[in-house]
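Trainee: Listed below, chain by chain, are the residues.
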Amino acid sequence: MSSTRYPWRDWAYPLIVIGAVLACWQAAVMAGWLRPISFPPPSKLAATFREIVTEGYPEGIGLATHVTITLQRIVLGYSAALALAIPLGLVIGWKPTLDALTDPVIAFGRSVATLSLLPLTVVWFGTGEGAKIFLIGYGCFWVMISNVIAAIKNVDPVLVKAARTMDVSGAALFRRVALPAALPRIFAGARVALGVGFMVIVGAEMIGTIRGLGALIMEARTFYRTDITMVGMAVIGAIGFAMAMGLQRLEAVLMPWQGREARRAT
Amino acid sequence: MTASIAAAGPSRRLLGLIGASCIVILWEASARLLGADAQVLPAPTQAIAAAWRNLSAAELAQHIGWSLWRILAGFALGGLAGVTLGVASGWYAWLARLVRPLVEMLRPIPPLAWIPLAIVWFGLGEPSKIFVIFLGAFFPIFTNAWRGMVSVPPVLLAAARTMDVDGPALLFKVALPAALPDISTGLRVGFGLSFGILVAAELIAAERGMGYLVMQSRQLGQLGVAVFAILLIGIVTLVADSALAALLRRWVGRRMPA
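So the sequences go chain by chain: A and B.
Each residue of the first sequence is one higher than the one before, counting from 1 in my numbering.
Each residue of the second sequence is one higher than the one before, counting from 1001 in my numbering.
Please keep in mind that the hints were generated in silico from the structure rather than gathered at the bench.
Treat the hints loosely; a few may be bogus.
What the hints assert, rightly or not - To spell it out: a stretch of chain B is covered by chain A in this simulated footprint if at least three of its residues, at any positions, have a beta carbon under 8 Å from a beta carbon of chain A; those stretches are: (1) 1169-1181; (2) 1237-1249.
Stated by the list, open to error - Here are the simulated distance ranges between beta carbons: (3) A:P96 with B:A1246: 49 to 57 Å; (4) B:R1188 with A:M245: 20 to 28 Å; (5) B:L1106 with A:A27: 16 to 24 Å; (6) B:R1250 with A:P96: 24 to 32 Å; (7) A:S169 with B:R1188: 34 to 42 Å; (8) B:T1162 with A:S79: 49 to 57 Å.
Ideal Cβ positions, reconstructed from N, Cα and C, are used throughout, including at glycine.
Given the sequences, and given the hints that come with them, work out the whole structure.
Mentor: Next up, the structure:
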């Protein structure tokens, strides 16, 4: 897809297409084909963005506050989940017996829709931060642990056998052979888990809070402010995109031996 | 992976059963012995008993039925749109240039964030829920179908062309089968996502369905029923996902090993 002869095309085409769609949208609203209540035009969205940044919504809570709160919840829940899931997953993936023992439990834990726990977390943690961080942690944990286990289990057996013939075994085999070989898949898991975190946060913030991007998106409904909903969506999409990009960069720095293409394939 | 599981056979399954039972017993014991309140953490037996007392089979079947119908409708639409558009963009470069920027722009937006818009556009009824599930399914399915199509080995296409296979035959008989493994991966990812979204959509705005059952039981103070409903969601998800996996394995058939 990427054209090596004309590198500018890689970013010029998308910009042209998106620009054209936005222009058509604006024109359709101005011509009266789309109702501005349902489809606030881009010009209105830009004004709304300024409004949320300067005046805030709801109750004067500025966009910066919403973003900080949402980010804080995601980072806390996500890092707690990773801190638990990576060591546990490494051990389980390395020991076939442990893997057999825990397999159904992990499959089930992953299948329980994270947000279905929302009503329970309110009982356990109240409506404060704890409930939201727990939900994000829960969602990320199962995705992460199953990826870490799969990463270790799917290490090429030839690598392990080759190392064994060279008298590498036990902890050294794990640390010097299995772990580096499993890293790409572990990173892929971390990226998927981050996506799950973003999905969960919106749902978790839609109930029982007025702070955070999910709340901003949901609260806008009470006054039919579709424009605010759209701005909130754009902001959370941009943050999610930026964080995914950041992880990919980190991956390239930490694992220079992984080719660009191989990273994409996972 | 599937092969190794099959080879390990019954001992693996037995160990799994032991592991699962341990967790259930541990939960039961800690809920009862630690003197915890059934209104905070009901034991599994208490949850089932509460469900038995408060729910009729017909009611339960109705909740499950509504959830499944929403999933099927949203997933079928998302799958159809995602596969068609993804395959077409993988085949025609000009279409990809048109469609992919828009998809890539909308993809990072969590599907749940669309709920308020869906309600404005489609009202509070079924279409708004189906739309959100559709979105959850569409994005991974589109991306995987597109990627599957563009990573079809060029050698395969060139070989077919030397044998005078071209046009629709080249697409449907050569390229599409080669992309099937990726398409089926996308379908499974999309299916898993749409289940999670369904529950959330039912928590936020619904009068029926399994997610609604969780929310309603909690509001009525029947925490046991809520826990039962959560476990039920897990079981239904697991069963539906393995059914889809089995279906895809048969469909994709001998073309892919895993």
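Trainee: For every hint, state whether the structure bears it out.
Mentor: To see whether the hints hold, each was checked on the structure:
1. 1169-1181: Violated: only 0 residues of the region 1169-1181 of chain B have a Cβ under 8 Å from chain A.
2. 1237-1249: Answer holds; 3 residues pass the 8 Å Cβ test.
3. A:P96 with B:A1246: 49 to 57 Å: violated (25 Å)
4. B:R1188 with A:M245: 20 to 28 Å: holds (26 Å)
5. B:L1106 with A:A27: 16 to 24 Å: holds (20 Å)
6. B:R1250 with A:P96: 24 to 32 Å: holds (29 Å)
7. A:S169 with B:R1188: 34 to 42 Å: At 37 Å between Cβs, range holds.
8. B:T1162 with A:S79: 49 to 57 Å: holds (55 Å)
The earlier numbered hints that this structure contradicts are 1, 3.
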